[in-house]
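Since chain A is already given, all that's left is putting chain B on it; use the hints.
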Amino acid sequence: MSRLARQLTSLKKQGRTALIPFITAGDPDPAITVSLMHAMAGAGADVIELGVPFSDPMAEGPVIQRASERAVERGVSLRDCMDMVQEFRQRNVDTPVVLMGYLNPIEVMGYQEFARIAAKSGVDGVLTVDMPPEEAAALKDALSTYKLDPIFLLAPTSTEARIQAVTAMASGFIYYVSLRGVTGAKHIDMAEVSDKIGEIRKYTQLPLAVGFGINDPETAAKVATLADAVVVGSALVKRIEEVGDRNVNDGQKEAIIESVTTFVTSLREAIDKVGVAA
Amino acid sequence: MAYKLPDDRGHFGPYGGLFVAETLMHPLTELNEAYEKYRQDAEFQAEFMDDLRLYVGRPSPLYPAKRLTEKWGGARIYLKREDLNHTGAHKVNNTIGQALLAKRMGKTRIIAETGAGQHGVATATVAARLGIECVVYMGSEDIKRQAINVYRMKLLGAEVVPVESGSKTLKDALNEAMRDWVTNVDNTFYIIGTVAGPHPYPAMVRDFQSVIGREVRYQLSEFEPRDPDALVACVGGGSNAMGLFYPYIDDEHVALYGVEAAGEGIATGHHAAPLSAGRPGVLHGNRTYLMETDDGQIIETHSISAGLDYPGVGPEHAWLKDNGRANYVSIDDDEALAAFHELTRVEGILPALESSHAIAYGQKLAKELGRDKVIVINLSGRGDKDVHTIAAREGITV
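Just so you know, the sequences run in chain order A and B. For what it's worth, numbering that gives the first Met the number 0 labels the leading residue of the first sequence as 0, then goes sequentially. For what it's worth, numbering that gives the first Met the number 0 labels the leading residue of the second sequence as 0, then goes sequentially.
To be clear, the hints were calculated from the coordinates, so they are not data collected in a lab. The structure displayed is predicted, hence computed values, not measured ones. It is possible that some hints are incorrect.
Claimed, not checked - Distance condition first, Cα-Cα at most 20 angstroms in a straight line; then the derived EDC-like pairs of lysine to aspartate or glutamate: (1) K153(B) - E140(B); (2) K167(B) - E72(A); (3) K252(A) - E68(A); (4) K185(A) - D185(B); (5) K237(A) - E163(B); (6) K106(B) - E29(B); (7) K167(B) - E68(A); (8) K102(B) - E132(B); (9) K11(A) - D271(A); (10) K119(A) - E133(A); (11) K237(A) - E72(A); (12) K102(B) - D49(B).
What the hints assert, rightly or not - Coverage of chain B stretches by chain A, computed from C-beta distances (three or more under 8 angstroms per stretch; other residues unrestricted): (13) 9-20; (14) 164-171; (15) 175-189; (16) 288-295.
A virtual CB, placed ideally from N, CA and C, is assigned to each residue, including glycine.
The following block holds chain A by itself, in its conformation from the complex:
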C-alpha cells in the first residue's frame, strides 16, 4: 500500500476527514517552501499538495496564478520542486506529498525520468490538471512503474461514463472539483457536491477529496461531512501573499509561517469538530 493510501485509509478508520493544504512551490521565495511544508504538517495537514509553477496555469484563479508567476520569476522548475520534497523527507517520512501541476514541464523532462526522480525524492502522487485519462496511458504507466499514484479530477460536468473511466484509472484518491470554475472561486453549491459525491461513490472505493472554492474553516467543515479529504489552496496562498509577495525578508518569512500555521490549525479544528463522511 502506498503512503498516500495508507494515510487516507487509516484516517478513515479513525473517523477523521483528511486535510490537504496546497501551496505553490517557491512562492514567494524558494527558501521558504520546505519550512512551510513542515509547518503545515505540524499544524495538522494529512497530505500536502505542492503546486508546480507553470507559466500558463489555465485552471487557476487569480490568487494561484500570481503565486505561479512569482515562482516562475524566481526560476523554480519541476526539478526544484522535487528537490524541495526530497529536503522535506529528511525530517518527515510520514506525510504524503502530491505534486499538482500542468503537463508541459513533465513532457519536457520525459515521463520516465520524471517518475524516477519524483519517486526518489519522496513524492507520493501526481495530479496533472490538463491530463485527462484519455491521454494519460503513458504517464500512468511511468508513474506506476515507480509506485506513484496518478490522481485524477472529476467535476460537476463529469458524466456517468466519465466517472467510470476516471475511477478505473485513478489510484491514491479522486479529486472532485466542487464547482464550475477556477481555483479560489466563490460559488460552491453544497447540495450539488453532495449529490455528485454520492454518484461517484457508486463506482469507487477510493477516498474522495474535494477542492476548489473552500475558502474558510466553516466551508471546510461543511465539505468534511461529505468528503474523505478537504483541499484548501487559494485561501492559504492568499494569506502568504498578504504578508509579502516579492523579496520577503526574514521577518516576513516568519510571519508567513505563522500565518499559514494559524490558518491550517483553524481548518484542522473546524474539520475535526464534524463527523466523518458516511
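Chain B in isolation, oriented as in the chain A frame:
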C-alpha cells in the same frame, strides 16, 4: 480524400489531442458531437455557404498580381484576397461557422480570445448579428498595439476584457477565455480563432476555413490550365494556412509553405517561430511545437505582427512539418515591412503585417522557382489596422 486526420480523439500523429481539465471534457465532447452532426447536415452547410456569400462577400477574388510578377521576375503570382472579406480578414469564415453551431447548440453567450483583434472583431460581428452577448479577452499589450480593433469591437457591442497576466498577449488571452469557459460552461460557446486548442477546434476551424482553398482550386483554372506549384501562407496559430492547404493536401505536386514570424531574427531568440525553432510540448489543450524554456515554461514571443505573436501553432501544422508534407520557413520584421511597402506600391493593396510575411516569402520563392511556375499567396487580411504600427516604427506621426 486519402488524408483522414485527425483521428476520432483529435490526433494528428503524435500531435493534437485533448489536454484540458476535467470540467471541460464533457463540454468538449458535446461540442464534438454537435460538430460531427452538423458538418454532415445539408441545411447547416447551406446556411453556412449562404452566409459566406451574402454576408462575408465570398468567394473572395483570386487576383493575378501581374505587376508584382513582372517586378519580381519569377513565378506567376496569384493573391487570394481574404482581405476583401467583411471585417477585413479570413477570420470571419470561422466565426460565422462557429456562431451557427452556437445557435444550434442553444448557447446564449459567446466568448473569444484575440491577438491582433481581427478574430475579436469577427466574433463581435457575428455576435451582433445574432443579437447575443459577446465577451472578448485580449492581452493588455495587444490592446495598446491594436486600439482601432478594440474600438471596433466595442462599437459592435462586445465587452473587451484586458488580460494582465503573464506576457499580456494572445496566449494569456486564451488562458483567460478558457477560465471564463470553465466558469460559464452551461450557457457559453467559446469561439477559438485558430486551428489550435483542444479537439475538435483544430479540425473544426480548419474545415470552416477550407473554403479558401476550395475556391482557389476552381478560381485558378480561369487563368492557368494546371494546379499551382506552391501555396504560401503566414502561420501564427495557422488557420489561414490550413484553410488554403487542406483542400490540396493529397496533391503532393503542390508544395505548401507556412511562413512563421522570425521577429528580430531566429538567432536572437526574439521571434514567434515554434515550428522553425521550438520543440514539441503541451499547451492550450493540444500537443504541438512550442516556444519554451528547458524547464517547460512557455516563453514570450516577438513579432511586429500581433496576429503571429503566439508561442504555439496548430497541431496539424506540427504533423505536416514532421511528415514533410509542408515546409515551414520564417520571415523577420524588416522583411515583412519591406513586403508591406512593396505590395502597397506595386499593386495598390495594403496587406496586414501578418500577410506581409507570406508576401515576403512569396518573393523569395518566386525567384527560386522561376518563370514557368505558379504561386498562390494567401493575402489573409488587410493592413489598415497596422498603419499606426508601421508609422510609429518608421518614426512618422500620423
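Evaluated hints:
1. The hinted pair formed by K153(B) and E140(B) meets the criterion: a straight-line CA distance of about 17 angstroms does not exceed 20 angstroms.
2. Between K167(B) and E72(A) the CA atoms are separated by roughly 15 angstroms; this keeps the pair inside 20 angstroms, and the hint holds.
3. Proposed proximity of K252(A) and E68(A) is supported: the alpha carbons are some 19 angstroms apart, at most 20 angstroms.
4. Between K185(A) and D185(B) the alpha-carbon distance is near 17 angstroms, which keeps this suggested pair within the 20 angstroms criterion.
5. Only pairs whose Cα atoms come within 20 angstroms are accepted, and K237(A) paired with E163(B) is accepted, the gap being roughly 18 angstroms.
6. The suggested pairing of K106(B) with E29(B) holds, with an alpha-carbon distance near 12 angstroms, which does not exceed 20 angstroms.
7. Between K167(B) and E68(A), the direct Cα distance comes to roughly 12 angstroms. Compliance with the 20 angstroms bound is thereby established for this hinted pair.
8. For the hint pairing K102(B) with E132(B), the CA-to-CA distance comes to about 12 angstroms; that is within 20 angstroms, so the pair holds.
9. About 12 angstroms separates the Cα atoms of K11(A) and D271(A), which keeps this hinted pair within 20 angstroms; it holds.
10. With a C-alpha separation of about 27 angstroms, the suggested pairing of K119(A) with E133(A) is violated against the 20 angstroms cut-off.
11. A hinted pair counts as satisfied when its Cα atoms are at most 20 angstroms apart, and K237(A) with E72(A) qualifies at roughly 18 angstroms.
12. Taking the CA atoms of K102(B) and D49(B), the gap is near 16 angstroms; set against the 20 angstroms cutoff, the hint holds.
13. Counting residues of the stretch 9-20 of chain B whose CB lies closer than 8 angstroms to any CB of chain A gives 5, so the stated coverage by that chain holds, three being the minimum.
14. As drawn, the stretch 164-171 of chain B meets chain A at 4 residues by the rule of a beta-carbon pair under 8 angstroms; at three or more, the given contact holds.
15. With a cut-off of 8 angstroms between beta carbons, the stretch 175-189 of chain B has 7 residues touching chain A; three or more are needed, and the interface restraint holds.
16. A count of 5 residues in the stretch 288-295 of chain B with a Cβ less than 8 angstroms from any Cβ of chain A is obtained; the coverage claim is therefore met, three being the minimum.
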